[in-house]
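Line order of the protein sequences matches chains A and B.
Note that our numbering numbers the first sequence so that position 2 is 2, with each residue one more than the last.
Note that our numbering numbers the second sequence so that position 110 is 110, with each residue one more than the last.
Misleading hints may appear alongside valid ones.
One copy or two, it doesn't matter: identical chains are merged, so the pair holds either way.
[Said to hold, decoys possible] Derived SDA-like pairs (lysine to any residue); straight-line CA-CA distance at most 20 angstroms:
no., residue 1, residue 2
1, 158, 98
2, 191, 131
3, 191, 26
4, 191, 55
5, 158, 35
6, 158, 25
7, 158, 96
8, 158, 171
9, 191, 92
Hints were generated in silico from the structure; no laboratory data involved.
Protein chains: 2
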Amino acid sequence: MTTRIGVLASGTGTNFVALCDAQARGELAPGEIVTLICNRPGAPVIERAQERGIEAVVIPHRGYPSREAFDQALVDALRERNVEIVVLAGFMRILTAVFVEAFPLRIINLHPALLPSFAGTDGIGDALDYGVKVTGVTVHFIDTGVDTGPIILQEAVKIAEGEGRETLEPRVHAVEHRILPRAVQLVAAGKTRVEGRRVIIEN
Amino acid sequence: MTTRIGVLASGTGTNFVALCDAQARGELAPGEIVTLICNRPGAPVIERAQERGIEAVVIPHRGYPSREAFDQALVDALRERNVEIVVLAGFMRILTAVFVEAFPLRIINLHPALLPSFAGTDGIGDALDYGVKVTGVTVHFIDTGVDTGPIILQEAVKIAEGEGRETLEPRVHAVEHRILPRAVQLVAAGKTRVEGRRVIIEN
Numbered sequence: 001m002t003t004r005i006g007v008l009a010s011g012t013g014t015n016f017v018a019l020c021d022a023q024a025r026g027e028l029a030p031g032e033i034v035t036l037i038c039n040r041p042g043a044p045v046i047e048r049a050q051e052r053g054i055e056a057v058v059i060p061h062r063g064y065p066s067r068e069a070f071d072q073a074l075v076d077a078l079r080e081r082n083v084e085i086v087v088l089a090g091f092m093r094i095l096t097a098v099f100v101e102a103f104p105l106r107i108i109n110l111h112p113a114l115l116p117s118f119a120g121t122d123g124i125g126d127a128l129d130y131g132v133k134v135t136g137v138t139v140h141f142i143d144t145g146v147d148t149g150p151i152i153l154q155e156a157v158k159i160a161e162g163e164g165r166e167t168l169e170p171r172v173h174a175v176e177h178r179i180l181p182r183a184v185q186l187v188a189a190g191k192t193r194v195e196g197r198r199v200i201i202e203n
Numbered sequence: 001m002t003t004r005i006g007v008l009a010s011g012t013g014t015n016f017v018a019l020c021d022a023q024a025r026g027e028l029a030p031g032e033i034v035t036l037i038c039n040r041p042g043a044p045v046i047e048r049a050q051e052r053g054i055e056a057v058v059i060p061h062r063g064y065p066s067r068e069a070f071d072q073a074l075v076d077a078l079r080e081r082n083v084e085i086v087v088l089a090g091f092m093r094i095l096t097a098v099f100v101e102a103f104p105l106r107i108i109n110l111h112p113a114l115l116p117s118f119a120g121t122d123g124i125g126d127a128l129d130y131g132v133k134v135t136g137v138t139v140h141f142i143d144t145g146v147d148t149g150p151i152i153l154q155e156a157v158k159i160a161e162g163e164g165r166e167t168l169e170p171r172v173h174a175v176e177h178r179i180l181p182r183a184v185q186l187v188a189a190g191k192t193r194v195e196g197r198r199v200i201i202e203n
């Protein structure tokens, strides 16, 4: 039995590629990526999917009269494909309750900071501006708040003295590429259990 | 030349003892603890100071008509002793601008979480309730906000699956006892420089 995974992405697709690479190494099983959905026609991630023989579906958000209508189109596309787990891998649209409630505790997001610190659109820049000495990466379930859902995995990244974005960013992304597939595998394998706000990982 | 340090504490004094132990090992130099000020008569930390031959001054906050009057008494006691750096080591009073502005970027505080996450009075409990997988310890300068000043040192502490307070708390305290003396030594040695919100540590 496989667990069918749909990935939503908007851009270059580095985290999508990290998921595909993990799958190729057998590290996503029983998870299986069955579709990529992209809201931006021509985004590089579409070619990344096609190269790997994974269906790429383009659903341009501009074609819909409201956020809710767009989200319903996403839900319909995922349901048609019997997707059980949704992974947001650099998906640059805020999702409404229409989407979030269609896949309760089944939508996985990645954030480039140690939540609850530095929620929002620039986790890396905000951490540097604040002057923290430790930041990191969070993989969490989506709920209807902004970056507030239960946390599946986190990993710390030390910031070196005087370090700037140019060296911190690739180090944060390297951690993303490592822990996102691991979190997806745990959820796909049914090894996560949510108790209140805490995600318990079972062996 | 020594840098004269005053420690403020209210309770058992475990972080005060960690500072004294570091001093005994020569790890605080050029910093030197010259006084302990305690706001609670009979608090165990007073005896910890006396055992080590360090002056213990008791200034009960109940004896003052306002927070500001109490803070002025603290400032006066520290100035009489030519204290240059103040360390808050479990000092359970909120300090007003009267105190903070008397020692700009010269007051060091410890917080049992990775700020800006879980500011406030229960950093460990709030981290557990939120369900983070990584917490830690922050040593920072005090400004007039609550736990908002520039960060000197931080260190991450992983939270194990299903871990509770009884095992996490001693692990967080062990990190406190290690990084508080290190931060105090850096400041005492003039190796920290504040640029905006960032603290740069020079070698």
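Right, here's what the structure says about each hint:
1. 158 with 98: neither (38 angstroms within a copy, 35 angstroms between copies)
2. 191 with 131: between (36 angstroms within a copy, 17 angstroms between copies)
3. 191 with 26: within (17 angstroms within a copy, 49 angstroms between copies)
4. 191 with 55: Neither way: residue 191 and residue 55 sit 27 angstroms apart in one copy and 56 angstroms across, limit 20 angstroms.
5. 158 with 35: Neither way: residue 158 and residue 35 sit 35 angstroms apart in one copy and 34 angstroms across, limit 20 angstroms.
6. 158 with 25: neither (29 angstroms within a copy, 27 angstroms between copies)
7. 158 with 96: neither (34 angstroms within a copy, 32 angstroms between copies)
8. 158 with 171: The answer is both: 10 angstroms in one copy and 19 angstroms across copies each meet 20 angstroms.
9. 191 with 92: neither (28 angstroms within a copy, 42 angstroms between copies)
Consistency note: the structure conflicts with the earlier hints numbered 1, 4, 5, 6, 7, 9.
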